[in-house]
Amino acid sequence: MKEESQLNPTLSSTDKRYNFQRRSADLFEKEGFPTNKHENWLYWTPDTFQDAFITPQIGAETNTESNEGIEIDNGRIKSEGTYKEIIVSTDMAAYSDVHHITNRVETSSLSLLPNSFFEEFIILDIQQDHKDPIHVTIKAESHEKGSVNTRILCLVREGVTANVVVNHDCIQGSDTVTNTYFETVCFKESHLELNQVFKAKQNVNVFNSSIHMHEKASCTHVSYTDNAAIMRHDTEVNFHGEEADLKLKGLNILSGKEQFYNHLKVNHHVGNCNCFQHFKTILTDSSTSEFSGLVFVEKGAHGTDSTQLNQNLLFSDSARALSRPQLRIDADDVLCNHGSTVGQLNPEEIHYIKSRGLNEEAAKQLLIYGFAEEIIENIHDTLTRETLEKQVKQKIECMKND
Amino acid sequence: MFTIKDVKASIDEKEILKGISLELKPGEVHAIMGPNGSGKSTLAKVIVGHPDVEDPEGEICIDDKNILDLEPDERANEGVFLAFQYPVDIPGVNNAEFLRMAYNAKQKYHGKEEIDPFDFNELVKDKLKVLKMKERFLERPVNHGFSGGEKKRNEILQLLVLDPKVVILDETDSGLDIDSLKQVSEAVNYFKSQDKIILLITHYQRLLNYIVPDYVHIMNDGKVSKTGDKSLALTLEEKGYEGIES
Ligand SMILES: Nc1ncnc2c1ncn2[C@@H]1O[C@H](COP(=O)(O)OP(=O)(O)OP(=O)(O)O)[C@@H](O)[C@H]1O
Ligand SMILES: [Mg+2]
Numbered sequence: 001m002k003e004e005s006q007l008n009p010t011l012s013s014t015d016k017r018y019n020f021q022r023r024s025a026d027l028f029e030k031e032g033f034p035t036n037k038h039e040n041w042l043y044w045t046p047d048t049f050q051d052a053f054i055t056p057q058i059g060a061e062t063n064t065e066s067n068e069g070i071e072i073d074n075g076r077i078k079s080e081g082t083y084k085e086i087i088v089s090t091d092m093a094a095y096s097d098v099h100h101i102t103n104r105v106e107t108s109s110l111s112l113l114p115n116s117f118f119e120e121f122i123i124l125d126i127q128q129d130h131k132d133p134i135h136v137t138i139k140a141e142s143h144e145k146g147s148v149n150t151r152i153l154c155l156v157r158e159g160v161t162a163n164v165v166v167n168h169d170c171i172q173g174s175d176t177v178t179n180t181y182f183e184t185v186c187f188k189e190s191h192l193e194l195n196q197v198f199k200a201k202q203n204v205n206v207f208n209s210s211i212h213m214h215e216k217a218s219c220t221h222v223s224y225t226d227n228a229a230i231m232r233h234d235t236e237v238n239f240h241g242e243e244a245d246l247k248l249k250g251l252n253i254l255s256g257k258e259q260f261y262n263h264l265k266v267n268h269h270v271g272n273c274n275c276f277q278h279f280k281t282i283l284t285d286s287s288t289s290e291f292s293g294l295v296f297v298e299k300g301a302h303g304t305d306s307t308q309l310n311q312n313l314l315f316s317d318s319a320r321a322l323s324r325p326q327l328r329i330d331a332d333d334v335l336c337n338h339g340s341t342v343g344q345l346n347p348e349e350i351h352y353i354k355s356r357g358l359n360e361e362a363a364k365q366l367l368i369y370g371f372a373e374e375i376i377e378n379i380h381d382t383l384t385r386e387t388l389e390k391q392v393k394q395k396i397e398c399m400k401n402d
Numbered sequence: 001m002f003t004i005k006d007v008k009a010s011i012d013e014k015e016i017l018k019g020i021s022l023e024l025k026p027g028e029v030h031a032i033m034g035p036n037g038s039g040k041s042t043l044a045k046v047i048v049g050h051p052d053v054e055d056p057e058g059e060i061c062i063d064d065k066n067i068l069d070l071e072p073d074e075r076a077n078e079g080v081f082l083a084f085q086y087p088v089d090i091p092g093v094n095n096a097e098f099l100r101m102a103y104n105a106k107q108k109y110h111g112k113e114e115i116d117p118f119d120f121n122e123l124v125k126d127k128l129k130v131l132k133m134k135e136r137f138l139e140r141p142v143n144h145g146f147s148g149g150e151k152k153r154n155e156i157l158q159l160l161v162l163d164p165k166v167v168i169l170d171e172t173d174s175g176l177d178i179d180s181l182k183q184v185s186e187a188v189n190y191f192k193s194q195d196k197i198i199l200l201i202t203h204y205q206r207l208l209n210y211i212v213p214d215y216v217h218i219m220n221d222g223k224v225s226k227t228g229d230k231s232l233a234l235t236l237e238e239k240g241y242e243g244i245e246s
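These protein sequence lines are chains A and B, in that order.
Numbering (our numbering) for the first sequence: 1 to 402.
Numbering (our numbering) for the second sequence: 1 to 246.
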């Protein structure tokens, strides 16, 4: 089912691109929209947005100012930035050697759509060390009915150490959806720190992420989501080389009627890799979150160490947190743990803080902040981390407790 | 002056404290000893206003102010400090930050300005030195991943920083190694010399070699069954609780 590009190297870039998009579209045609009969789509399906999803917004302009760094507006490169260590390209043919260009993530057929509709196949090719953060802004701004499709391939070359901060800014009309496909390849012995911050105003946001880990590569991926009516994340991880290490961390703070659906599939094709997933959600009002993670350890992938942890903090009787960590293990000598918690603040902890002189409200906020900080502290770049900490602090202060 | 007047308290509808009265004067150290389950920690809980304790009766006064109806944070700001038998860990909250917030909460309560972060830093460093604690403790989350003894020491660090009037130490000595025990005792003796009021809950006479109590109270089944001086602890060590009651 999955498309691993075995494109004929003599084809021109336009042909390659055409073939790739054609195949993705055909596959989607065959498979169709997800319905709630799919186990990965039990709680929200794109029904009323189907038209929007298959109506790509071609050539839609944004009217925002550029900031520094790499900027991608409505699926097209607006600014390549000034990083000399990175090649920003849209030439698919030049990347025939990259064998992992996929056109879907397993848990979502919607992931085929950005691969059918993209205007540019955007490649961020990080060829040399860049320890300060590389800033990438992905903007989706449209008020017309339809979808903004963005397709990005981020390559971290062999032995390269890089830090990438991606800001997703979505401003949409009520009939607009965003559908992004972000593929990351960590080549042998590369080290990537990737932070993704999602900020949306309203509506439906779909984010598909495909991560490939090669031998001895390491990656820490931290995501933070703020303000989206409906956010659907599908992540697929493939371990291709041994001794790779991936940390996937995520924090979501939901209020109102916001919904967040987080689906992951981690494939350990080879042994001796570590994967640690840690996702936290703070829910107020009548918000909903779903975590569904499947770790699949293939036959022969001995020495795998894969952990899933999903923790939810609930502040309202009408908020819902659904959690389904799952394991499928076909190998021996494997260390896999999974756990999920749904709960409120611990009264013993509140009391402890109060007994040091902080009032009830301050004690609760401090505990919520501490809960969030366990994810944010994984961001090593000080400026990025502190910016996020400030945002989260403000958000928590605005939260109505009880 | 710290007075506990005929305090009765229940947990889960079971009466645990059956009328406790104590009077502690500035500069005095009182030790409370007693068998497991006799209500020592419950007394500490009542004093700090733990929510498990249902509608306690009686009076607990600092000087002339009854604090029994105050919220735990108000009691703390009035000058009560309990070093917990089982300190709680707070993942994600930086120890130094927490100390500063607590310090400033007290400042605010008394209508004073927040402390300058630089000055606070100096203040904490001084206190760390007293306890021979390493500065890296400040950058770790509160008690999270601390060893048992480190948690106890961290309680004493909070104590030194917050500088209360009434100090209750609930089995702070258990889990401490010999050196830590000495350092903690020095800190407590310093408080004694500052005319603070100290209530020690302990099972071990050993602690009382370092911190010499003015009074030793034996608690049994929710009541103070005997009061004496330091020698009572020695007799206890020799005869055990059963022997001493007969
Ligand atoms: N939260 C609670 N729920 C039910 N019973 C409780 C609770 N807390 C204390 N108790 C009961 O109250 C009694 C007194 O407990 P307390 O912790 O005060 O004893 P203690 O004297 O401190 O004992 P130790 O020396 O073991 O620390 C015990 O019987 C205990 O089981
Ligand atoms: Mg006790």
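Simulated from the structure, these hints should not be mistaken for laboratory data.
Just so you know, not all the hints are guaranteed correct.
BS3-like, lysine-lysine: derived pairs with alpha carbons at most 27 Å apart [what the hints assert, rightly or not]:
id	chain 1	residue 1	chain 2	residue 2
1	B	LYS132	A	LYS393
2	B	LYS25	B	LYS192
3	B	LYS25	A	LYS393
4	A	LYS30	A	LYS145
5	B	LYS192	A	LYS390
Hints and how they fare:
| no. | hint | in the structure |
| --- | --- | --- |
| 1 | LYS132/B - LYS393/A | violated (33 Å) |
| 2 | LYS25/B - LYS192/B | holds (11 Å) |
| 3 | LYS25/B - LYS393/A | violated (43 Å) |
| 4 | LYS30/A - LYS145/A | holds (24 Å) |
| 5 | LYS192/B - LYS390/A | violated (42 Å) |
Against the hints set out earlier in the document, violations occur for numbers 1, 3, 5.
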